[in-house]
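Asker: The listed protein sequences correspond, in order, to chains F and C.
Take 1 as the starting number for the first sequence in the working numbering and just add one per residue.
Take 1 as the starting number for the second sequence in the working numbering and just add one per residue.
It is possible that part of the hints are untrue.
What the hints assert, rightly or not - Have a look at the derived ranges for each label pair, beta carbon to beta carbon:
hint, chain 1, residue 1, chain 2, residue 2, range
1, F, E75, C, A146, 51 to 61 Å
2, F, A210, C, D342, 22 to 32 Å
3, F, K232, C, N365, 41 to 51 Å
Please keep in mind that the hints were generated in silico from the structure rather than gathered at the bench.
All values derive from a computational prediction rather than experimental measurement.
From the three backbone atoms N, C-alpha and C, an ideal C-beta is built for every residue, glycine too.
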Amino acid sequence: MCGICGLMMDDNGLRHSSVGSILQDMMESQQIRAQDGAGIAIFDKSNAQDSFKIKNFRKEETSDYIINEVRTSSENVSENLQKMNQDPECHFFSFENEMTIIKEIGLAKDLDKKFGIRKMNGSHGIGHLRIATSSRVTPYNTHPFSTTILPDIAIVHNGEITNYNLLKDSLELEGFTFHTDSDSEVIAVFLASRILKHGDIEKAHREFVAKADGPFTYIAATSDSIAIVRDKFGTRKGIIGYNPGTDDHPPFWAMATDLSALDVVGATTKIETPHPGKPRIFYRN
Amino acid sequence: MRLNEKALIRKSILELCNTGMPRQKSTDDVIRTIREKSSSEKEGNLWEYIIALGAQLSRPPFDPYREKIKLTTKIGRKGDQKISLKIPILIYGKFDLSQSSKDALYLALDNLDDNRSTIGLISKDEPCDERKYPHFQILDDISKLADPDGIVLEYTGVKTEEKIEKIRKEFDGPILVEVDEYFSYYTAKLLELGIDGIVVNTDDIIKSERYKGKHAIAVIHDAKLAINEFYRGKENDGACLVVAGDVNNAGKMVKAAGLGADIIGYDTSLLIAKVGHYSENFFDEEITAQKIFNHMIATKSELTGIPAAVGYSDFHNLSPSDFRTSSIKASVQGNIPLEGVDKTYRNMVEEILEEHVNTKNISVNQQERQKIISLIMKGEN
């Protein structure tokens with residue numbers, strides 16, 4: 001019973017809106033759904049650089065985990081990823097360019113206290129509240145998940161991908177690497193593998209829905225899109241709404257598990273539920 | 001698995017790590033002797049040691065959508081040439097039947113197709129002209145190619161590869177090859193030549209020297225590995241594994257699917273025997289056809305039970321991780337997790353060896369490590 005949320009600013013190119021604050025409100029309003037972990041991914045074009053950030057969790061003797069960050073040029077990405085994979089104490093965190101992922105075990109309000117989520121700006125973002133069902137409560141099993149295949153892909157997920165072992169095995173056979181025991185990671189790796197193959201995000205979502213089994217809703221963000229996708233039977237919730245904007249913030253599309261999350265941020269017009277099995281995608285202006 | 005049994009497995013692996021001496025007796029046998037009533041336990045049939053792992057509470061099997069389980073299977077790697085089966089079964093008619101039995105079977109297959117329960121047929125006979133079901137013709141001589149929907153060739157070495165090259169140029173439908181025990185050496189080559197899948201007859205293969213002492217589950221597991229090996233580094237475009245032989249009831253069919261079978265080859269003689277009361281003297285074609293029809297419809301619904309209970313809406317999503325076994329042999333041969341520890345025997349060996357090497361501070365390189373693991377695995381195979 002995880003809680004997920006996401007939003008895409010409809011700001012005609014301003015791209016520097018208070019995404020963090022809105023996401024934080026949406027997460028806190030759904031806190032009752034899950035309390036094991038919280039995380040966000042925010043996309044801000046002003047962060048984009050020629051180099052990439054590879055972040056990892058490192059287990060230390062004195063503390064639980066510390067987060068390391070390596071900045072790397074595109075030529076040295078695979079070398080740095082290989083180094084990280086060879087270290088058994090290292091757990092992959094994220095592969096970023098304009099995206100920033102922050103995640104931690106605990107509650108959403110603690111995440112904000114520690115990392116200042118409300119102060120973060122951008123064009124779009126996603127958030128997650130985790131209750132552990134199929135994997136352990138650790139920072140690296142917390143959402144959002146990204147991949148080492150492509151930078152700037154993040155997913156949050158509610159439900160279960162029941163055939164994830166089968167999907168994971170076939171993706172590993174294709175040569176893609178997994179870094180956690182979570183069934184949700186298979187969504188990120190699958191989408192990245194298909195974007196790499198044909199470059200069509202909508203087709204990638206459709207292929208995933210066709211292959212994945214079980215009850216789920218996920219929100220996936222790339223640098224220029226955000227999509228909410230429900231399983232083909234529509235067994236998990238998902239709702240979309242539109243906030244027409246105020247003096248404080250531009251209009252935006254918001255999506256979440258519970259209606260309360262849309263209510264709290266005023267995204268109460270153009271309400272819709274995504275059709276089961278059909279990705280609903282919003283692109284950055 | 002009981003605590004003392006887990007300890008016994010651990011002890012025996014450590015013993016092998018230390019001594020490097022192969023076992024005189026398998027750990028399965030040792031466990032069996034310490035269990036009560038061990039003497040009455042049936043030996044050898046590993047199917048019986050495989051159980052399904054029910055869905056977790058968070059994915060209960062009683063969601064309404066799971067009542068409908070998809071069984072549809074496509075045969076063929078190219079989009080426009082695929083054959084669709086509504087039940088993943090091909091009647092595997094290698095043995096000659098009387099004409100009346102064949103007519104009853106053809107009638108039943110047509111009726112099944114009318115009932116949206118299409119299954120296919122593999123046989124040496126020429127396909128009937130007005131059939132509704134897909135017919136795969138077993139072809140010894142390619143000049144005898146009639147008008148089948150698919151072709152089955154028996155692997156006899158390089159000659160078969162030449163035949164495939166020739167047929168592939170003029171026949172667009174699916175081509176399956178029935179392989180022998182050495183399939184792991186040439187499956188990739190056959191797939192490269194454009195075949196659409198392999199047929200493994202587990203009964204024949206486990207009689208061979210190469211698979212002596214092994215079970216059908218080892219054959220299925222190895223055949224799937226052979227297909228996967230071809231697809232290493234690329235996406236599987238739909239090559240299928242047809243498993244025939246020792247898979248003759250719905251329970252075994254489900255377990256075989258979990259181990260990697262896409263389609264089950266169901267023996268015709270067994271089918272005719274199962275529908276019962278068969279006698280040439282009192283043979284009624286329509287009654288026999290109806291019995292075959294009923295049997296296949298019952299099998300269809302039996303096949304959906306386990307996928308639903310483990311949380312799937314598609315039969316083909318079953319994998320070894322949905323099963324558990326109490327037998328080390330079954331774990332080694334089918335790569336199935338052991339109950340109680342939820343790890344395959346191989347995983348356990350790797351972990352215990354790692355711990356042993358670290359505790360004793362022994363220097364072992366990757367190659368030596370693999371050798372030790374193989375030795376330990378061989379002792380249980």
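Asker: Identify every previously stated hint that the structure contradicts and give their numbers, smallest first.
Answerer: none
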